[in-house]
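Trainee: Protein chains in written order, with our numbering: chain A, 1 to 271; chain B, 272 to 555.
Since the hints were derived computationally from the structure, they do not count as laboratory data.
This one's a predicted model, so the numbers in the text were calculated from it and none came from an experiment.
Here are the simulated DMTMM-like cross-link-like pairs (lysine to aspartate or glutamate), alpha carbons at most 20 Å apart as the crow flies: (1) A:Lys14 to B:Glu414; (2) A:Lys241 to B:Glu392; (3) A:Lys241 to B:Glu393; (4) B:Lys351 to A:Glu232; (5) A:Lys239 to B:Asp399; (6) B:Lys358 to A:Glu224; (7) A:Lys214 to B:Asp289; (8) A:Lys239 to B:Glu393.
Next come the chains, spelled out residue by residue.
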Amino acid sequence: MIKDITIGQYFPGKSFLHSLDARDKLCLTFAFIVMIFVCKNFFSLAVMLLLALLMSLLSRIPARTILKSFRPILPIIILTSALQLYYNDSGTVWFEYWKFKLTSGGVFTAIFMAVRICTLILVSSLLTYTTSPTLLTDAIERLLSPLKIFKVKVHTLAMMMTIALRFIPTLIDEIDRIMSAQKARGADFETGSLITRARALIPIFVPLFVSSFKRAYELAFAMECRCYRGGEGRTRMRKMKFSWRDYAAIAFFCGCFAAVIYLNISFEHLI
Amino acid sequence: MSENILEFKNVVYRYESDEDGTMLPPAVNGITLDVHRGEFLAVLGHNGSGKSTLAKLSNGILVPESGSVSVKGMDTSDEKYEYDIRKTVGMVFQNPDNQIVATIVEEDVAFGPENLGVPPEEIRKRVDDALRAVGMYEYRMHEPHKLSGGQKQRVAIAGVIAMQTECIVLDEPTAMLDPSGRREVMDAVRRLNREYGITVVFVTHFMDEAVFADRVAVINDGRLLLEGTPHEVFAREKLIKEAGLDVPQAAALASRLKRAGVALDENILSVDEFVTSFKKLLRN
Numbered sequence: 001m002i003k004d005i006t007i008g009q010y011f012p013g014k015s016f017l018h019s020l021d022a023r024d025k026l027c028l029t030f031a032f033i034v035m036i037f038v039c040k041n042f043f044s045l046a047v048m049l050l051l052a053l054l055m056s057l058l059s060r061i062p063a064r065t066i067l068k069s070f071r072p073i074l075p076i077i078i079l080t081s082a083l084q085l086y087y088n089d090s091g092t093v094w095f096e097y098w099k100f101k102l103t104s105g106g107v108f109t110a111i112f113m114a115v116r117i118c119t120l121i122l123v124s125s126l127l128t129y130t131t132s133p134t135l136l137t138d139a140i141e142r143l144l145s146p147l148k149i150f151k152v153k154v155h156t157l158a159m160m161m162t163i164a165l166r167f168i169p170t171l172i173d174e175i176d177r178i179m180s181a182q183k184a185r186g187a188d189f190e191t192g193s194l195i196t197r198a199r200a201l202i203p204i205f206v207p208l209f210v211s212s213f214k215r216a217y218e219l220a221f222a223m224e225c226r227c228y229r230g231g232e233g234r235t236r237m238r239k240m241k242f243s244w245r246d247y248a249a250i251a252f253f254c255g256c257f258a259a260v261i262y263l264n265i266s267f268e269h270l271i
Numbered sequence: 272m273s274e275n276i277l278e279f280k281n282v283v284y285r286y287e288s289d290e291d292g293t294m295l296p297p298a299v300n301g302i303t304l305d306v307h308r309g310e311f312l313a314v315l316g317h318n319g320s321g322k323s324t325l326a327k328l329s330n331g332i333l334v335p336e337s338g339s340v341s342v343k344g345m346d347t348s349d350e351k352y353e354y355d356i357r358k359t360v361g362m363v364f365q366n367p368d369n370q371i372v373a374t375i376v377e378e379d380v381a382f383g384p385e386n387l388g389v390p391p392e393e394i395r396k397r398v399d400d401a402l403r404a405v406g407m408y409e410y411r412m413h414e415p416h417k418l419s420g421g422q423k424q425r426v427a428i429a430g431v432i433a434m435q436t437e438c439i440v441l442d443e444p445t446a447m448l449d450p451s452g453r454r455e456v457m458d459a460v461r462r463l464n465r466e467y468g469i470t471v472v473f474v475t476h477f478m479d480e481a482v483f484a485d486r487v488a489v490i491n492d493g494r495l496l497l498e499g500t501p502h503e504v505f506a507r508e509k510l511i512k513e514a515g516l517d518v519p520q521a522a523a524l525a526s527r528l529k530r531a532g533v534a535l536d537e538n539i540l541s542v543d544e545f546v547t548s549f550k551k552l553l554r555n
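Isolated chain B, as found in the complex (with noise of 0.2 Å):
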């Protein structure tokens, strides 16, 4: 099962710049990468980094210019292939407002798979596991404007899986959130890899939550710069620090730890982790 569901390669874009309409320096510029069926990749990078312009690419709402991305098998350019990508692809935004269609949280993750044109006791059944798999069965009937950021960012993550998609990509989907919202959404997106078996590529700069992550793939200015398990990319801190990116809070607290001579355990990354080998070190 080690398939590429999504495949990029040698992947080039730029915007036009709003005032004269020339081009602007590439927001992606040569990246190539797999995305494997059934894994979770995290892709890292700071702002202006090229990470959303790589998850739009992913859908085929922007092109490359030159390179190609291909979503099994099929080509992203390719116009008669555009409703299948979008069938197998779907997309969570940063601004949950923006992505609601309805005014009732049941009927917004109805909108997907009533566009697909699913008979209606199938959309029916869809529109409740989705909602179940979110944890948002409850609120099937409230309005969205009423509901916190991670609930809204959970609604429209029900609204992706009631499509039935192969995979979810995320364009940081935490980005607007308090830490429990963050924590609600990240542990959604972690039950929907696990138990559903579904691809996710989730889209951050929160390094806490790559670590969660199979694989992690950090780019700065346009190209890709580590790809890797999270412990293998983690241990890079020099590299890392050079993107303007951070090493996770509990990694950094355990280098400096190990730096000043206590014996903790290598390759800490989450705070779990950290709490163990900590714990164990007392016992001893």
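One chain only, chain A, in its complex shape (with noise of 0.2 Å):
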């Protein structure tokens, strides 16, 4: 269960979307969530989506896989909708039961929410599935690399990411041992209220915390046989360079929102 994480995860292939430069993605990104944002009516939501589509399809990342990170948002997902269609009151009513009443308004806001979160998760995935960790850390240190002059240790902070995200597979590997050696010996994490079953983690945790200690210690001592000493001196084997697929992406982007906002003034807003 526990293995089936695939936020975060990477993805190695060739398509358009791997190749394009970390930096161009990473900014792209923002800037397609910020609009998500913006979106006011089904239409600009509606070329949002679109784009959306039409970056998985050029990731060739399987469907199965993308479909696979909606789950463990469906509840948060389901959850706004849920609160739409109840408090949303706007619109013709369509049915009506004791206090419960099901309004044009709600059902339309309810849909544009879930969609606008769908379209939200399916890009941030889009970033981590088609670049790699060291990538992407590299791109935010270059990206942040401004911030040196406020004295911001911009290469430790991308170290750390990177460190963090190569020790999430590991880390999981180690609670599945962790409950297996629990579970031989009885432990029971399935039954009883919510605080027996939260008690029942305290010895799941504390020998991870203990391991993790040693694994970060000899992580250390190993990096500083292989010659680490801080960004200083510190050269990369790929080099990031733009180009024409990174300004046509931009292009692309750029043409898309403004078709959102020209959407947004034409049409009447829904929220």
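From the two separate chains plus the hints, produce the assembled complex.
Mentor: Written as structure tokens, this is what we have:
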């Protein structure tokens, strides 16, 4: 179960999306997220949704993998939509029962919200699916490098992120192993009240913390042995270079964003 | 070419106790040992014999309490040499998971050369060569956590090769591996030594791995017990058994057969030698 988490994972490949510069992808993703919140009606949202779908096609990541990444978010989507259905009582009333009123406004906003969240998840997962974590942290390091004048340790931050990402699967394996070991000795994680179950997790996290510190210690040794001395004097194997694809992608995104703003102005606002 | 790349002179090292900060009995107690350029040296010892401490002393992770360790004449206790020493002596540790930094194999191998400030094109070349040298080139785009233990350890070795160190110290690199993983790692290390001329110090408690070395040093209770070619060392069966170690399986079988009157050759250590000798016996 715990191994099914696909958020933040990277799928190596050679698609159009993979070949874009990481800095470009990072900035475009941010711009995209902002633009999703600028959308005020279904027409502008449709442009964003189509753009997101086009990107998933270009990423050549199997649809099943992408769909899987929605699973953990499903409760949030359902909750948001349900709240909209209940609280929004604008528009015509379609159905009424006791305190509950189903209105056209409620249904439309619920759908709008659900699509908006899905698009958001889709685009942000595409970023991590198609960009290796090292390149991504590299891109963050480079984009944040102007902060160096304020004495922000950008390289250290990026290195911490790389290592954190690197150890997620290792620690997940470790949790699995500890859980099996505790189960073999009769530990029960599935029954009882929420508090009992939460308490049952303590014997998992204590050994996990202890072993993480040990790992950190060994990793620090290993990094020192490989001549790691921080960011100074370090070179990179992969050079970051904007190609025509990056400029094309930026131009295309700008076009879409302009369309969103135009559609926002020319049609009435839903929210 | 018999100059020494590593020299241990009367080295003593004691750990501090975790509880009260007092000094524990010495883990390494007066070891004097030279490592010659280009050789394959196996360091043998049972658990707690001080062999891992000796490995950590070799590139300045630990600094001796008394005596000295020098790498190509550079004293490891002198901080100004720290960087140059680590450029000369690379190290591979026991647990492959805790020494891989990046999320993609080739990016991890590139970590060392990147730290050295090597230009990008050169790193690319070194990474590809290193991965080919350990037979992991096809896995260059894989995620390390999806590899087997033996493969991860070979990636770690490639990471050291890419730094182009003259000497590589492996601290029980096979202890956490299954037999096939052990063989993979062993083959990779032997190839490095033979084809690339890299000096290898291989710390292990598996006798069968020490058979392939040019020279074997047996450590017991922090002291150097025996030193010599595998044939010389394993001929001292009694002394080795006293150190809590065993002679290699093939050698043990051969010596028992010889005692029972089977006319096998002298000095049988590896399975291959045993088979050749036994075949010869059957033919006659």
